[in-house]
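The whole structure should be built from the sequences, with the hints applied where relevant.
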Amino acid sequence: MILKAENSSKRYFRKTGGANYFLAVKPLNLALSGGEIAVLMGRSGSGKTTLLNMLSGLLLPTEGKVRLGETDLYSLNDKDLSRLRSERIGVVPQGRSAIDTLTVLENIILPAKLYGRTLPVENVRQWMEQLGIAHLRDARPAELSGGELRRMAIVRALAQSPDFLFADEPTGDLDDENTHLVLSAFREYAHAQKKAVFIVTHENDAFDYADVIYQMDAGKIVSTTSQAK
Amino acid sequence: MVLAMLTAFLALAVFGGSVVVLSLRSGLNSLEARLGADIILVPSQAQSKVSFQNMFLQGTTGAFYMDSSALDKALEVSGVEKAAPQTFLASLKADCCSIKIQVIGIDPERDFTVQPWIARSLSRGLNDMEVAVGCKVEADVGEIIRIYDQRCKVVARLESTGTGLDTAVYCDMDTMNKLLAAAEEKGVSHKIESGDQVISAVYIKVKDGCSIDEVNSRLNGHIRKVTAVRTRSMITGVSDSLAGVSRTVTALIAAVWVLAFLVLLLAFMLIIRERAREFAVLRLAGASRGMLSRLVLTESSLCGLLGGLIGVELAALALFPFAQLIESALNLPYLMPDPGKILLLAGGTVLLSVLVAALSSVIAAYRLSRIDPGTALREGN
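Chains V and L are the protein sequences, given in the same order. Numbering-wise (numbering that gives the first Met the number 0), the first sequence opens with residue 0 and increments by one. Numbering-wise (numbering that gives the first Met the number 0), the second sequence opens with residue 0 and increments by one.
Among these hints, one or two may not hold up.
Said to hold, decoys possible - Partial list, computed: chain L residues near chain V (C-beta under 7 Å):
#1 233
#2 277
#3 373
#4 374
#5 376
Said to hold, decoys possible - Quick look at which bits of chain V chain L covers, simulated, 3 or more residues with Cβ under 8 Å:
#6 48-59
#7 91-97
#8 107-113
Note that these hints are calculated values from the structure, not bench results. Note that this is a predicted model, so its numbers are computed, not measured. Glycine included, each C-beta is placed from N, C-alpha and C at the ideal position.
Right, here's the structure in full:
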């Protein structure tokens with residue numbers, strides 16, 4: 000299964016220089032396929048997160064299409080697109096993304112619970128153990144550190160077994176040891192389960208784990224580097 | 000919790016206000032039914048001696064007398080279909096009387112206002128030295144009460160009318176004559192210049208098709224030293240006051256409704272900012288806009304339901320135990336509607352609370368369902 004951006008761009012109405020709009024992502028083509036880790040690098044404000052949001056079905060492109068197989072994501076109505084995102088796309092956003100009134104485990108199973116699905120208990124437990132948060136399953140988010148919260152969000156995305164997993168600065172709050180744990184988990188997920196992982200980062204740690212590295216600048220992908228698996 | 004308390008306030012005002020207005024309407028209907036006459040004939044000095052209207056509305060004790068021949072004279076007037084006498088006597092707050100009350104003597108043969116009311120509680124007529132008591136008189140059936148040292152047996156307790164009639168005691172004319180004689184011995188005189196047989200009022204029913212105003216004028220012209228008063232004019236005063244109270248209560252309910260709606264609207268708008276991150280997480284987790292809207296609407300409806308139930312309960316706690324206090328404060332006939340009507344009103348109020356709460360959260364539901372998760376999470380951090 001392939002997810003493709005076809006001439007996708009995003010424009011915001013904002014006074015910038017002489018124009019009254021700002022082109023956050025210029026028209027671009029990009030394809031993600033199972034069994035591959037793609038890393039998108041770039042400076043702050045280069046359009047990385049905007050591109051991630053468009054690819055993950057969260058942000059309607061101004062022009063162009065995003066296709067999952069033959070399905071144009073944004074031709075679906077919100078109900079169908081939301082269901083598809085829940086079943087096939089996982090997102091690890093920047094910053095805190097926990098619901099404070101739920102426990103860690105409840106936060107992890109939330110996406111499945113929204114649609115009445117049950118997650119394999121063993122799968123959830125295994126990811127929690129692998130990322131070192133198994134002992135926090137009944138804790139509330141307020142009791143967790145920034146790094147633990149980040150790992151909880153990653154386990155939440157992994158536990159749903161999505162075909163496409165998008166992670167925005169997933170190692171931003173983590174120390175070296177946990178950064179290695181998380182990136183190893185992503186590689187294992189992509190290679191062993193033949194899923195696609197798309198990581199947005201400005202840290203070089205992700206280089207060693209990437210199959211493809213995209214460099215983005217001023218809304219454009221300026222270079223693509225493939226690495227041997 | 001704040002939202003639930005706001006809707007509780009709304010429900011309290013709506014339910015409380017509606018029960019008060021309905022009770023006043025029931026009281027007025029009851030008063031109309033109990034007066035049951037088109038015209039009341041009273042001695043000319045009656046209006047100056049005691050507030051005639053207050054005797055019926057508030058149960059003020061008092062008495063005035065005229066010669067019993069007024070009854071026969073009234074029956075001579077063309078257009079009069081029925082005429083029934085009543086005689087009043089106020090007992091004393093003294094050793095000779097168990098309680099200070101208004102005693103009303105009726106002629107069961109002629110009476111067409113009080114007798115049908117008594118018949119609902121007593122299947123036979125009143126015998127000598129037997130009395131029927133209004134529901135607010137502190138005496139039970141079978142009990143003996145003393146009036147001017149005369150022992151009277153309570154044989155019936157009458158249904159509530161919400162008027163001053165509830166505080167009176169009713170007997171037949173024979174018993175009343177004995178009580179008048181006993182009162183005379185205690186120094187309470189009812190003597191008048193002409194005649195020994197006295198009555199206090201004559202209740203008159205006008206024949207169908209006759210003008211009540213014309214009969215009223217004929218009565219005033221035909222019988223000396225009496226005043227014929229149209230009962231409608233008594234009711235009109237009460238009705239006007241009731242309309243005033245109704246208007247005030249309705250305006251207050253409307254003001255509370257608008258205020259509560261605006262405050263709830265504002266509260267839900269504030270919640271948008273507070274809960275943006277939570278909704279962004281749900282959106283990221285795959286929740287559709289419809290799911291998020293339903294979540295907000297369900298939460299607000301539950302707040303409305305809780306608030307509505309609390310409000311109705313608070314209003315019930317304030318209204319039902321203190322009904323008499325409200326009645327005396329309003330100075331108007333006040334009769335609680337039947338339980339079925341009250342339950343219906345309570346249900347309607349709770350439903351209204353749910354609707355108002357849900358309606359005021361519509362904008363919040365719309366905005367939260369269209370939240371951009373990326374921006375919301377970045378701003379939330």
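Per-residue hint verdict: residue 233(L), partner chain V, C-beta under 7 Å: Hint violated; residue 233(L) Cβ to chain V Cβ min 63 Å, cut 7 Å.
Could you check if residue 376(L) really has its C-beta closer than 7 Å to a C-beta on chain V? 5 Å, holds
Chain L over the segment 48-59 of chain V, status - at least 3 residues with CB closer than 8 Å: Coverage by chain L holds here, the residue count being 4 at a Cβ distance below 8 Å.
Holds or violated: the segment 107-113 of chain V covered by chain L, criterion of 3 or more residues with Cβ-Cβ distance under 8 Å? Our answer is that it holds, as 3 residues pass the Cβ test (under 8 Å) against chain L, meeting three.
Within 8 Å of chain L's CB atoms, at least three CB atoms from the segment 91-97 of chain V: coverage verdict: Held - the segment 91-97 of chain V has 6 residues with a Cβ nearer than 8 Å to chain L, which meets the minimum of three.
Mind checking the CB of residue 374(L) against every CB in chain V and telling me if the closest is under 7 Å? Status violated, d = 9 Å.
Evaluation of the interface hint that places residue 277(L) against chain V, nearest CB under 7 Å: 5 Å, holds
Does the interface hint hold: is residue 373(L) within less than 7 Å of chain V, judged Cβ to Cβ? Interface hint status for residue 373(L): holds (5 Å vs cutoff 7 Å).
Hints 1, 4 from the list above are not met by this structure, while the remaining hints are.
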